[in-house]
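> In case you want the letters, here they are:
2 protein chains.
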Amino acid sequence: MILAAGAERSSRIRLTSAVSVLSSDDPVRVFQQFSTLDLLSGGRAEIMAGRGSFVESFPLFGYDLGDYDALFTEKLDLLLAVRAHERVTWSGRHRPALDDQPVYPRPVQDPLPVWVAVGGNPASVVRAGGLGLPLALAIIGGIPERFAPMVALYREAAARAGHGHLPVSINTHGFVAADHGTAVDTYYPQHAEVMDRIGAERGWGPTNKRAFTAATGLRGHLTLGDPEEVAEKILFQHEVFGHDRALVQLALGTVPHRAVMTAIELLGTKVAPTVRAEVARRSPAPVDSTS
Amino acid sequence: MILAAGAERSSRIRLTSAVSVLSSDDPVRVFQQFSTLDLLSGGRAEIMAGRGSFVESFPLFGYDLGDYDALFTEKLDLLLAVRAHERVTWSGRHRPALDDQPVYPRPVQDPLPVWVAVGGNPASVVRAGGLGLPLALAIIGGIPERFAPMVALYREAAARAGHGHLPVSINTHGFVAADHGTAVDTYYPQHAEVMDRIGAERGWGPTNKRAFTAATGLRGHLTLGDPEEVAEKILFQHEVFGHDRALVQLALGTVPHRAVMTAIELLGTKVAPTVRAEVARRSPAPVDSTS
Chain X
10 MILAAGAERS
20 SRIRLTSAVS
30 VLSSDDPVRV
40 FQQFSTLDLL
50 SGGRAEIMAG
60 RGSFVESFPL
70 FGYDLGDYDA
80 LFTEKLDLLL
90 AVRAHERVTW
100 SGRHRPALDD
110 QPVYPRPVQD
120 PLPVWVAVGG
130 NPASVVRAGG
140 LGLPLALAII
150 GGIPERFAPM
160 VALYREAAAR
170 AGHGHLPVSI
180 NTHGFVAADH
190 GTAVDTYYPQ
200 HAEVMDRIGA
210 ERGWGPTNKR
220 AFTAATGLRG
230 HLTLGDPEEV
240 AEKILFQHEV
250 FGHDRALVQL
260 ALGTVPHRAV
270 MTAIELLGTK
280 VAPTVRAEVA
290 RRSPAPVDST
300 S
Chain V
10 MILAAGAERS
20 SRIRLTSAVS
30 VLSSDDPVRV
40 FQQFSTLDLL
50 SGGRAEIMAG
60 RGSFVESFPL
70 FGYDLGDYDA
80 LFTEKLDLLL
90 AVRAHERVTW
100 SGRHRPALDD
110 QPVYPRPVQD
120 PLPVWVAVGG
130 NPASVVRAGG
140 LGLPLALAII
150 GGIPERFAPM
160 VALYREAAAR
170 AGHGHLPVSI
180 NTHGFVAADH
190 GTAVDTYYPQ
200 HAEVMDRIGA
210 ERGWGPTNKR
220 AFTAATGLRG
230 HLTLGDPEEV
240 AEKILFQHEV
250 FGHDRALVQL
260 ALGTVPHRAV
270 MTAIELLGTK
280 VAPTVRAEVA
290 RRSPAPVDST
300 S
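Going down the list, the sequences are from chains X and V.
Residue numbers for the first sequence follow our numbering, beginning at 10 and rising by one.
Residue numbers for the second sequence follow our numbering, beginning at 10 and rising by one.
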């Protein structure tokens, strides 16, 4: 719904969710919705399929967390079947079978891009590589460098399965403003409010400014700062991962709309050109910087 | 998805589907989607819940047509529970139970309007009246007057359950153009193409112009013609049903976008004022003419 509204207000940006929790959803409906989005946007939709780091949707839609892995494997299989064929015959344990059923609408893009979004589970990255699907690695905590083996494992699995170069995206939270102080002052109160609210439900300790400051450093997981700092962090990570896309989720809580618009503009006009130029200098592979 | 795109391109029209086939969908997701639409549109979303005259979604989502009625009853019950309470405890036969589960987001409108869309099944209108829900009577064939007992039955059930005046909508297919000939020439080829394509799947006979012409007459089921004819038909039906809203579905097949935009304009600037003035003359109850 929100992406469809975005489709009407934009003409070039790609449209994707942070993650579609496929495990607790119906792959046929997810495909139908993103096909519709693809038609509305003239071929700009992408599915970001994942198991989800939040598990509230499991009891809401009647799924057992004990099936966490099996659900995703099976539903990804169905999603790819529906993407590949207009009429689908399929059966599994966690979703009613399909007997030569047609699935409409069909998307503009063929195939509709399906990324596998992972949080750091080795089995997930091996699966994505084996299936030849692009990988979105969500780094939402800790030190980004420790995820480097995941990307290596992914490239290895892809090569073993005979796939060529597959795109890798590094997805982080963050914010950009004209100067570092503004970025912190705009983002931190929202970050703290949301993290403490979620933390209260989950039993985490309270946020503190010291941990936040560490996370905004070059080796921290938040992509936050002025355009130069943000470009530097993306380029530092590019040395580690050699990734093809950097996706920064800007809006957490109620960051003011005007500040988000400014951040998007800075990403497009300052950060992306710097990153693209430097990556082009390093190698001929293009980078796609999306917010 | 399409309604969300519409929300961005409009500021006053109400946003609703022709019908959401609740029987083969998940009421929690339907509520979440229309709540999101309500938030995007500043409180203009409405759910049109029905059992559907097309049944393709049953095998697609693993439902048994033998449960046609039970599915709708149970899922409408869950939809109303989710609408009434932020945290829901519920159990049924056709959908996993909910144990004090919170459902987000919550809509702007409280309650979010839920219409019951019926095609002429007496049990359905009695249920809608008993629940105090507004009724959308879809007249997609035959002679509209023969549906009059349905509305009487609905009003009786509503009165018996202690509800006051509940809105009734008459939903039809049709088209408006500056003159009758243009309306026919624009609409008929699309109507015939779609009806014949669907008919081939379902074993109907081919469409013919004579039946179409009859359906566009005062007592036919298509709301088609110049603004004066369309207003006259709506007013004729108003004498029969005393309804509060006339909803005309304009786009069937690939009627050109420009012609649809002209039709919407004529409905708003010519048909609606004529109908409203005449209905006001007849009684103090307002009419809401929506396309």
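No lab work stands behind these hints: they were computed from the structure.
Backbone N, C-alpha and C fix where the C-beta goes; we use that ideal spot for every residue, glycine too.
Be a bit skeptical, because a hint or two may be false.
[Said to hold, decoys possible] Listed next, with one range per pair, are the computed distances between beta-carbon atoms: (1) V:H266 <-> X:I22: 19 to 29 Å; (2) X:I22 <-> V:M270: 19 to 29 Å; (3) V:M270 <-> X:P265: 47 to 57 Å.
> Go ahead and decide if the range 47 to 57 Å is satisfied by the Cβ distance of M270 (chain V) to P265 (chain X).
With a Cβ separation near 36 Å, M270 (chain V) and P265 (chain X) fall outside 47 to 57 Å, so the hint is violated.
> Do the Cβ positions of H266 (chain V) and I22 (chain X) conform to the proposed distance bound of 19 to 29 Å?
Distance hint for H266 (chain V), I22 (chain X) holds at roughly 24 Å.
> 19 to 29 Å was suggested as the range; check whether the CB atoms of I22 (chain X) and M270 (chain V) agree with it.
holds, 27 Å
The structure fails to meet hint 3 from the earlier list, while all remaining hints are met.
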